[in-house]
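Q: Keeping the supplied structure of chain R fixed, place chain S upon it in accordance with the hints.
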Amino acid sequence: NAGVTQTPKFQVLKTGQSMTLQCAQDMNHNSMYWYRQDPGMGLRLIYYSASEGTTDKGEVPNGYNVSRLNKREFSLRLESAAPSQTSVYFCATAFKEQFFGPGTRLTVL
Amino acid sequence: QQPVQSPQAVILREGEDAVINCSSSKALYSVHWYRQKHGEAPVFLMILLKGGEQKGHEKISASFNEKKQQSSLYLTASQLSYSGTYFCGTGALDSNYKLTFGKGTLLTVNP
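So the protein sequences, as listed, match chains R and S.
For the first sequence, the working numbering begins at 16 and goes up steadily by one.
For the second sequence, the working numbering begins at 212 and goes up steadily by one.
Hints in this document: simulated from the structure, not taken from any laboratory.
Chain R regions said to be covered by chain S (calculated; three or more residues, Cβ under 8 Å):
1. 57 to 71
2. 104 to 114
Only some residues are given here: those of chain R computed to face chain S with a beta carbon under 8 Å:
3. S46
4. P117
5. G118
We put the beta carbon where it would ideally sit given N, CA and C, even for glycine.
Isolated chain R, as found in the complex (with noise of 0.2 Å):
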């Protein structure tokens, strides 16, 4: 079981690209989330899913967009990069307690 697993690991992206962060989980758990972390900030929901075929707005959804492709996979896309959107990106995965992925760490110059 790789629990929850995300790619790719480490990106940059100069302002104005866009990219795909994937996300999927083999724990067969409904509910689906994307944070980003900031230095101080903790975590911040971006976007989630309580079940296939359902996407909602977290704290923070402006510049990102979200597909909740199947059971097992939630992925978070940029339009168009900013350097404000550099930051660790978490995907998590739930049935009451949440389990993380290991993260995507995103540069935008």
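A: Relative to the frame of chain R, chain S by itself:
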């Protein structure tokens, strides 16, 4: 609104105890506690639910005061491995599957 954690940082010697507090302005259904080591993902420690249900690890305890919307995490006889940043995440009554995390408490345990 993010829950407020206190203290922001604490330094202990091995074997000492610590308490980390988490306070919310919203009525809560659940409080979660996670520990994150530098460069790693957060790891689940404890969940406390309205009504008294708890789930967590053997060596860590916590309390949840539903009326005051507060939770405390108790770390006793600290070990070097306890070092890291501790986050509380709160689930509100009207959206308990969605957590709001505090800014974290940095715990350092020295020999």
